[in-house]
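Peer 1: Sequence:
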Amino acid sequence: MSLFSGWRAAFRIARRDAVRAKGRSALVVAMIALPVLGVTAADLTYRSALPTVAEDLTADLGAADARFTDQGMGPVRLEQMPDGIMWQTPEDTPESLPEDERKPVDVPATFPKGSRYITEQSVPASVTTRHGITDTQITELDVADPLLRGRVELTDGAYPRAKDEMAATEAFLDASGLSVGDRVTVRGPEQVYTLTGAVERPAELKEKSLFAVPGAVVAPWQKTSDGDAGGDQDILPPQASDLKWLVKGPPGAGVTWPDVLAANERGVVVRARQVALNPPPDSEVPMAAHMRGWETDDAEMTAAALTVAAMAVLEIVLLAGPAFAVGARRSRRQLGLVGSCGGTRGQVRAVVLAGGAVLGGVGAVVGVGAGFGLTALFRPVIEDFTGRRFGELTVQPWEILGIALLGLVTGVLAALAPAIVAGRQSVLESLTGRRGSRRSSRVLPAVGSVVLAGGVALAVHGGVSGNTNLVAGGSVLAELGLLGCIPVIVGFLGRLGRRLPLTPRIALRDAARNRGRTAPAVAAVMAAVAGSVAIATYTASGTAEQAYDHQPNLTAGTAALMTFDSTEKADLPRARAAVEQNYPVTGAPAGLGRVWAGSDCSVYYEEEDGCGTLEIVKPTGKAHSCPLKGKGAKELALRISADEHKRLMNSPACIDENYTTIVFGNGENKIVVGDAALLTSYVKLDDPAAAKALAAGTPVLLNSAYAKNGEVTLKAAHIYNERDKENRALHPGKARATTDRLKVYVAPDSYAATPGIRMVMPQRTADRLGLHSEEMGSIYTLGRQPTDAERQATDAAMEQAGNGAYVWTSNSAEQRDDAAVLLILALFAGVVTLGAAAITTGLSKADAEADLTTLSAVGAPPGVRRSLSGFQCLVVALTGVLLGTLAGIVPAVALRLTDLRAALADMRADPMESAYTPIVMPWETIALLALVVPVLAGLLAAALTSSRQKLARRAG
5 MSLFSGWRAA
15 FRIARRDAVR
25 AKGRSALVVA
35 MIALPVLGVT
45 AADLTYRSAL
55 PTVAEDLTAD
65 LGAADARFTD
75 QGMGPVRLEQ
85 MPDGIMWQTP
95 EDTPESLPED
105 ERKPVDVPAT
115 FPKGSRYITE
125 QSVPASVTTR
135 HGITDTQITE
145 LDVADPLLRG
155 RVELTDGAYP
165 RAKDEMAATE
175 AFLDASGLSV
185 GDRVTVRGPE
195 QVYTLTGAVE
205 RPAELKEKSL
215 FAVPGAVVAP
225 WQKTSDGDAG
235 GDQDILPPQA
245 SDLKWLVKGP
255 PGAGVTWPDV
265 LAANERGVVV
275 RARQVALNPP
285 PDSEVPMAAH
295 MRGWETDDAE
305 MTAAALTVAA
315 MAVLEIVLLA
325 GPAFAVGARR
335 SRRQLGLVGS
345 CGGTRGQVRA
355 VVLAGGAVLG
365 GVGAVVGVGA
375 GFGLTALFRP
385 VIEDFTGRRF
395 GELTVQPWEI
405 LGIALLGLVT
415 GVLAALAPAI
425 VAGRQSVLES
435 LTGRRGSRRS
445 SRVLPAVGSV
455 VLAGGVALAV
465 HGGVSGNTNL
475 VAGGSVLAEL
485 GLLGCIPVIV
495 GFLGRLGRRL
505 PLTPRIALRD
515 AARNRGRTAP
525 AVAAVMAAVA
535 GSVAIATYTA
545 SGTAEQAYDH
555 QPNLTAGTAA
565 LMTFDSTEKA
575 DLPRARAAVE
585 QNYPVTGAPA
595 GLGRVWAGSD
605 CSVYYEEEDG
615 CGTLEIVKPT
625 GKAHSCPLKG
635 KGAKELALRI
645 SADEHKRLMN
655 SPACIDENYT
665 TIVFGNGENK
675 IVVGDAALLT
685 SYVKLDDPAA
695 AKALAAGTPV
705 LLNSAYAKNG
715 EVTLKAAHIY
725 NERDKENRAL
735 HPGKARATTD
745 RLKVYVAPDS
755 YAATPGIRMV
765 MPQRTADRLG
775 LHSEEMGSIY
785 TLGRQPTDAE
795 RQATDAAMEQ
805 AGNGAYVWTS
815 NSAEQRDDAA
825 VLLILALFAG
835 VVTLGAAAIT
845 TGLSKADAEA
855 DLTTLSAVGA
865 PPGVRRSLSG
875 FQCLVVALTG
885 VLLGTLAGIV
895 PAVALRLTDL
905 RAALADMRAD
915 PMESAYTPIV
925 MPWETIALLA
935 LVVPVLAGLL
945 AAALTSSRQK
955 LARRAG
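Residues 5 to 960 in the working numbering are what the sequence shown spells out, letter by letter.
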């Protein structure tokens, strides 16, 4: 028999066996197809969402050939790269003139002859909405012109063509509550426009903006605000951007590199489609000589991609390998017949390997096809999520072929170990169904233990030394070492069942006795969970670090209503009503005032020494000064750890040096006038003693570094400006300076970081000290963050109240998609866990039929079959999850040690830089994997197992 005919027979047997065992075959195909599907969909999405140079140019230029931009340098020579993004002035360029002395550039004169162009100019504006008012950007651009196709597309209605018409992006319409046909007013000039259409920018789907024809907004607005031309000087002029020109070159010629160089000579930078797509050689690009050494090194990315691919192959092999073992066990009589008919061990192995190739090929085809289908089906969802339309579904044939080939090879590799085992079995054992006993290897666990210890040490060393390659290598070695130890761990499980009830005892002993099928499934679960826990731990730790470093502008969950300045007398009662009617306010507002000495520096700030000063004098001494600031700070930073540095940074003395932002316009002294309501609503100091102190006229000091023996020193310079007629009349003569010692209530140190407030002073105390004060606004406690509609309605109501006040809310730390990432990781690990446990349960049922028959014969109830399957599934899932959690912690901790090393280096260069690098465990994710998923796996296995006993053929 030739080699070809032998494999043909093997494939024919494998195909028939796959068709006959449909359930097992479907399980193997699914295990291979799912990763192939994911990689195919990820490849298609990445390639389609990553814009090509041509798509980038279309998003920027539309159908135009080029964009010409005056860089504001005057008619001087510039140099640029062919992409039209990077540019510079040559080294021999004379020093540029002041902006008001620069000559204008005649940009249209730089266009190639026979060109056609349109202009573009943007201006920020406040406009009315259905809910109230909002800020947006208005672009004067003839979006109806064919030159804009591909950059701006109409989705509803019609393009604006008259000067009283506009188009709005879909995102703006959603946020504003407006629709096509509604009117919108530009506040200030009070120009009214009709929304004639809805448009979208395919490259910026989330952009909230308006489009008008050229000359419809900026020029009328400028005329309305020009007092010399009869306009209203109270209207602020438009802050319009510089003009840009979108140019369509001569037919058949476009805009060429010589055209670009000619424009550069006159101070114009050009982004030309033809040049960017077919750049000239570096010898023709004057700026190219300055751009050497910008090549990027993709070696690390390539190594990471290969590592991920190798781990994915290992994962599939571990998952699908036991399933092929199920097939080999169930087909052992058939394989025995092959041997009894003269088939060699190699031909027996070929039958099993052919099964891997058949199912691997089917899984690869199904995975690739499903990847294409799901990507096309969810394309709109993906585009909305990324905020960019795909130019087209980009397919790289060789990449897709490689993914499919990976699925095929993985199927063969998964069948390799079962094929070797099947080839070693004697014909007699195969025909009778008996299994020989084979002692487990003692070498593998010993080697695994050594590799595990070495991998952990290598990863930790890499983290401490800052070498991420060592971290990655050590983490992989540690996981491989743990894989080698799994058979021993599984064998140890059998000893744990001595005191357990019958069913879990049998499940544990069965897992220990049949390590060949239990260990790969546990390893598969461990590998999936380890990756998920590693990423989840690193992500949660990064989120905690970001939250710690965040410096809020207000106390979390609050909003501040403030007046613009003391010269603008706002109608605060109406402004308060606007906030209370529209914002999700809880409770009554707390009043907030400011205090000053002499003439108000917020009004009389133009003259030097033309206003008074007020400050809290900080005492000297160790308890009052920050050791991380000033002399000896760097020497101290070299000696302390990250935890000691964090403790010092959180001390009142250093907090005052770190949080320097002035929030309430009360100057560097950060003194406000308030009562007990301010303490409870904003400071979050619910202390009866503090409230009692304020009521008695005693200020409450939030930063203890300014107190000495329970007192603060308040130093004031009562300087009155000559222009301050009212107060100057009351305080004639020379300026006077006062120093007062005030008894204060010192709040706990945790309140020193309260944004914007250092001390709360009662009104009666300010009056007693001869200080001036005025109401500044109110503080509100919010039940949640206000929506766009609530903000717009509030802004509109406050404008009607005189537009002399404004409201803002606390700025939370930058939002990341950590919750979604952790959920996806947990779901991925859960699916793998369920799949591996299901495969092991199926193999257990195939192996344990004789045991179950014996149990039934001695009177065991039918429900034992169900409960046994459930506990077998639970054992695999729980063991794999626990081991995976331990394995995943190693790379996460090592990477955080790398981050800690970098943070310590930054701190020692600047002692006021934070070195806090926490390691936070994602307990929710771990609990989901360690508790919910194993229990769910056990319950599903029990529910899907039949309690009926099948008729068994008599052995022998």
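None of these hints come from the bench; they were simulated from the model.
Keep in mind that the hints are not guaranteed to be accurate.
Stated by the list, open to error - Here are the in silico distance ranges between beta carbons for each label pair: (1) P98 <-> K626: 33 to 41 angstroms; (2) E928 <-> Q237: 19 to 27 angstroms; (3) G591 <-> R768: 32 to 40 angstroms; (4) Q237 <-> L381: 37 to 45 angstroms; (5) V447 <-> T472: 53 to 61 angstroms; (6) G219 <-> L54: 34 to 42 angstroms; (7) E779 <-> L734: 14 to 22 angstroms; (8) E730 <-> R772: 20 to 28 angstroms; (9) R732 <-> T624: 54 to 62 angstroms; (10) E928 <-> T742: 33 to 41 angstroms; (11) E928 <-> V447: 38 to 46 angstroms; (12) A913 <-> A733: 51 to 59 angstroms.
Stated by the list, open to error - Listed below are the simulated DSBU-like cross-link pairs for lysine-lysine, each with C-alpha atoms no more than 35 angstroms apart in a straight line: (13) K712 <-> K729; (14) K719 <-> K738; (15) K688 <-> K738; (16) K107 <-> K210; (17) K688 <-> K729; (18) K638 <-> K719; (19) K622 <-> K719; (20) K747 <-> K626; (21) K712 <-> K626; (22) K26 <-> K107; (23) K696 <-> K738; (24) K117 <-> K167; (25) K635 <-> K650; (26) K26 <-> K117; (27) K633 <-> K719.
Computed from a predicted model, the values in this text were never measured in an experiment.
We treat Cβ as the ideally placed atom computed from N, Cα and C, and that holds for glycine.
Peer 1: Does each hint fit the structure? Answer for all of them.
Peer 2: Quick rundown of the hints versus the structure:
1. One distance hint, 33 to 41 angstroms for the beta-carbon pair P98 and K626, is violated here, with the actual separation near 56 angstroms.
2. In this structure, E928 and Q237 break the distance hint of 19 to 27 angstroms, their C-beta atoms being roughly 59 angstroms apart.
3. Separated by about 25 angstroms at the C-beta atoms, G591 and R768 break the suggested range of 32 to 40 angstroms.
4. The beta-carbon spacing between Q237 and L381, approximately 59 angstroms, falls outside the hinted interval of 37 to 45 angstroms.
5. For the hinted restraint 53 to 61 angstroms between V447 and T472, the CB-CB distance of approximately 32 angstroms leaves it violated.
6. About 38 angstroms separates the C-beta atoms of G219 and L54, a value consistent with the hinted range of 34 to 42 angstroms.
7. In this structure the hint that E779 and L734 lie 14 to 22 angstroms apart at CB holds, the actual value being about 20 angstroms.
8. The hinted window of 20 to 28 angstroms between E730 and R772 holds, with their beta carbons roughly 21 angstroms apart.
9. Look at R732 against T624: about 36 angstroms separates their beta carbons, and that is not inside 54 to 62 angstroms.
10. Look at E928 against T742: about 57 angstroms separates their beta carbons, and that is not inside 33 to 41 angstroms.
11. About 40 angstroms separates the C-beta atoms of E928 and V447, a value consistent with the hinted range of 38 to 46 angstroms.
12. Checked against the hint of 51 to 59 angstroms, the pair A913 and A733 passes, with Cβ atoms roughly 55 angstroms apart.
13. Distance restraint check for K712 and K729: the Cα-Cα separation of roughly 39 angstroms exceeds the 35 angstroms cut-off, and the hinted pair is therefore not satisfied.
14. Of the supplied pair hints, the one linking K719 and K738 holds, its CA atoms being roughly 17 angstroms apart against a limit of 35 angstroms.
15. Under the criterion of a C-alpha separation no larger than 35 angstroms, the hint pairing K688 with K738 is inconsistent with the structure, at around 42 angstroms.
16. Between K107 and K210 the alpha-carbon distance is near 39 angstroms, which puts this suggested pair outside the 35 angstroms criterion.
17. Annotation: proposed proximity of K688 to K729 is violated, straight-line Cα distance about 40 angstroms (limit 35 angstroms).
18. In summary, the hint linking K638 to K719 is supported, as the alpha carbons are separated by about 32 angstroms, within the 35 angstroms threshold.
19. Annotation: proposed proximity of K622 to K719 holds, straight-line Cα distance about 10 angstroms (limit 35 angstroms).
20. Distance hint between K747 and K626 is fulfilled; the C-alpha atoms sit about 21 angstroms from each other, no more than 35 angstroms.
21. The straight-line distance between the Cα atoms of K712 and K626 is roughly 12 angstroms, inside the 35 angstroms bound, and the hint therefore holds.
22. Restraint check for K26 and K107: not satisfied, since their Cα atoms lie roughly 81 angstroms apart, outside the 35 angstroms limit.
23. As the CA atoms of K696 and K738 are separated by approximately 38 angstroms, the hinted pair breaks the 35 angstroms bound.
24. At most 35 angstroms may separate the alpha-carbon atoms for a hinted pair to count; K117 and K167 meet this at roughly 30 angstroms.
25. Simply put, K635 and K650 have alpha-carbon atoms about 19 angstroms apart, close enough for the 35 angstroms limit, and the pair holds.
26. Using a Cα cut-off of 35 angstroms, the hinted pair K26 and K117 is violated, with the two alpha carbons roughly 72 angstroms apart.
27. Taking the CA atoms of K633 and K719, the gap is near 24 angstroms; set against the 35 angstroms cutoff, the hint holds.
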